[in-house]
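*Asks:* Each chain, written out:
Number of protein chains: 2
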Amino acid sequence: MVDETRHLIARTPEEFKVRQNIIVYPGHEVTAVEPASGRIRVLRREDGEEWWEPYDQLLLATGASPIRPPLPNIDAHGIYTVNSLADGIALRAAIDARPPHRALVVGGGYIGLEMAENLIRVGIPVDLVEQSPQLMTSLDPDMAGLVARAAESLGISLHLGEAVTGFEVIHGAVSAVLTDRGSYPAELVVLGLGVQPNSDLARAAGIPLGAKESIRVDPYLRTGIENIWAAGDCAQSRHVVTGRPTWVALGTVANKMGRVAGLNIAGVRTAFPGVAGTAITKVGTVEIARTGLSTEEAAAEGLLVASSTTTAKTRAGYYPGAERITVKLFAEVGTGRMVGGQIVGGQGSGKRIDPVVAAITARMTVDDFLHLDLAYAPPFSPTWDPVLVAARQLLHQV
Amino acid sequence: MVDETRHLIARTPEEFKVRQNIIVYPGHEVTAVEPASGRIRVLRREDGEEWWEPYDQLLLATGASPIRPPLPNIDAHGIYTVNSLADGIALRAAIDARPPHRALVVGGGYIGLEMAENLIRVGIPVDLVEQSPQLMTSLDPDMAGLVARAAESLGISLHLGEAVTGFEVIHGAVSAVLTDRGSYPAELVVLGLGVQPNSDLARAAGIPLGAKESIRVDPYLRTGIENIWAAGDCAQSRHVVTGRPTWVALGTVANKMGRVAGLNIAGVRTAFPGVAGTAITKVGTVEIARTGLSTEEAAAEGLLVASSTTTAKTRAGYYPGAERITVKLFAEVGTGRMVGGQIVGGQGSGKRIDPVVAAITARMTVDDFLHLDLAYAPPFSPTWDPVLVAARQLLHQV
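Note that the protein sequences, when read in sequence, are chains A and B.
Heads up: the first sequence begins at 1 in the working numbering, then just goes up one per residue.
Heads up: the second sequence begins at 1 in the working numbering, then just goes up one per residue.
Some hints here could point you the wrong way.
Covered, in the sense of this in silico footprint (three residues per stretch, anywhere, with C-beta under 8 Å from a C-beta of chain A), are these stretches of chain B [what the hints assert, rightly or not]:
1. 243-256
2. 276-283
3. 354-363
4. 372-385
To be clear, the hints were calculated from the coordinates, so they are not data collected in a lab.
Note that the coordinates shown come from a computational prediction; the quantities given were computed from them, not determined experimentally.
Cβ coordinates follow ideal geometry from the N, Cα and C atoms, glycine included.
The following block holds chain A by itself, in its conformation from the complex (with noise of 0.2 Å):
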């Protein structure tokens, strides 16, 4: 547990200002761009005074949002999202303050699975809708089974392939969420549906939008209009395996586009390549990782793959703490180029997917992939690394 909330902030306003001369202004909104002026508008929360700020080289950096469906009473007390670090400190607060007796997460993704596993950690039953049959979409529906499992060990109910039509309320508060196959009582619901990028303000300057309606960027992350830019959660992305428009919004993702945007805006020519798709996250003990193309994708793609599942040890099968590692890779049929990989497994795992991010942005096959000469002793891994286990299996598929 992290002791202190302020050990989760990376840099106050006036580190900021000491360190890197950056000036924040903190409680100001942008409330729109003038492109044709070069300027923005800028409301000041405290005294709602606003004003004209010019601008030489403007950079949005707007963010994402998380996705409130307009279900009936969506907006009742106790019902949260989690996007901010104000928002985990105000639903800490609530549950310190008054203990709920059930929980419900909707959504089974990364945020919804870690919320469900915190609210368990504190004692809170833990109730799970997910409207898909699976958890975790972007994973294939069998490796996601096994996320299934692990999550239901830790003692979270699971309702998948159920939809949440509303909620019902007491006095202004949450005490149960409907679906399309029942009810479930609830002080606490934590939405986990995903983010959207923050492109209203985009959108209404007349800068064109791509992906999902992120802020269309080209590779130097200049947007569709002259002098500004976008870069992170609000921003599109190249995917490198299909080379096409993509929307990421994670945390790595955004810090490199943030880097290269202000390279490109300091007059350093710099291209942000791509992004993989690649995520890893754990539930209890277990640690999942995906990167590229799954099966659902390549086939949205018009790619025909093969895919091999491995089970393994983490470490020689002899040595005290290997556990088990089931490894999903993914190959085009016909140029055995690598496309993706997926990864559940105990500790020492999630972070095996690095060197199937490498080999895919390399475009390598199964083939050069199978050869890597990937560090090998009985404490680490077996003498056949999992990874390449599965390569070995999937180049018969190819």
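Since chain A is already given, all that's left is putting chain B on it; use the hints.
*Replies:* Structure of chain B alone, referenced to chain A:
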């Protein structure tokens, strides 16, 4: 600890027969190969009988043997090498029968350090003598310095830059180790001076040898003589960074070569692309990994390389269990091509070498590597993985 030594046997001769129809002849030695007549001379140790046996295809997988330099009294009782399971069992039995007051390990490589650590663990004080001024000569001196600190923190007494000149003996058993600087009492000595390829049989048969007297092979693992193949610790490899012959005696490489040789002998044409020089080990809880070229190796190849060393955390800084990790990366000046990496750090550090292995094999530049979409979540990594932070720093030097 592994409970029973039988767990360390991957397959018994009986299992080979039943599962794969491979007939193993234990206790039989091949004393000569006669390519002209296509036959081998077999000696049955049990009764000393010898005969000729014909072959259609012959695979030499004779392995490597520990180096035992011709020092005075090197064959005294109490001086061990550790190569086979039988060696380990004998050493363990000797310790259990009569625990030595002091032990000395000669050599500061992987085997030497592993032995020193395990002797300390069973309560035996250990001196370690290494001729080079640093441990693990495959690491750069600064990284090896971190390893030395880890070894010392376990209680191993290091004597670096000191050469063993011989052994003192009482009643046929070692009593002290003599060096060019002094003398150390020890009733148990373990030699960890590396291995040499078992290529005498090949040499005698007129099969050409290559790097470090290993058996020369082409990418299909054919030797210079028709119908004779070689694979594993006795065989030469190609370095994927330099493209030149090299020799690496490690289980994972041997295993991959064995597969490729088998496929080729069976008529499935498959090239072995080579090795990156990857290795991993641990000293106490400190994980150590390396791949590609070190500063010294790059210089020997006439490559102008830059390097950058970064210290970071294995997880998000605020996340419980985040440990210190030091990453050193190497790239060619001018082209920016990644040529190597070294890592020393706490739990979760070592296998981070694997994306570096993939990158140097794919001939990525530092800029390519820097943008890899490696997996991030607070329990697994800082927002920028430490290997990417190292690349970010290296970028300014290539």
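*Asks:* State for each hint whether it applies.
*Replies:* To see whether the hints hold, each was checked on the structure:
For a cut-off of 8 Å, the count of residues in the stretch 243-256 of chain B with a CB near a CB of chain A stands at 6, and the three-residue condition holds. Counting residues of the stretch 276-283 of chain B whose beta carbon lies closer than 8 Å to any beta carbon of chain A gives 7, which reaches the threshold of three, so the coverage claim holds. With a threshold of 8 Å between beta carbons, the proposed coverage of the stretch 354-363 of chain B by chain A holds, since 7 of its residues qualify and at least three are required. Coverage of the stretch 372-385 of chain B by chain A holds [criterion: at least 3 residues with CB-CB distance below 8 Å; count 12].
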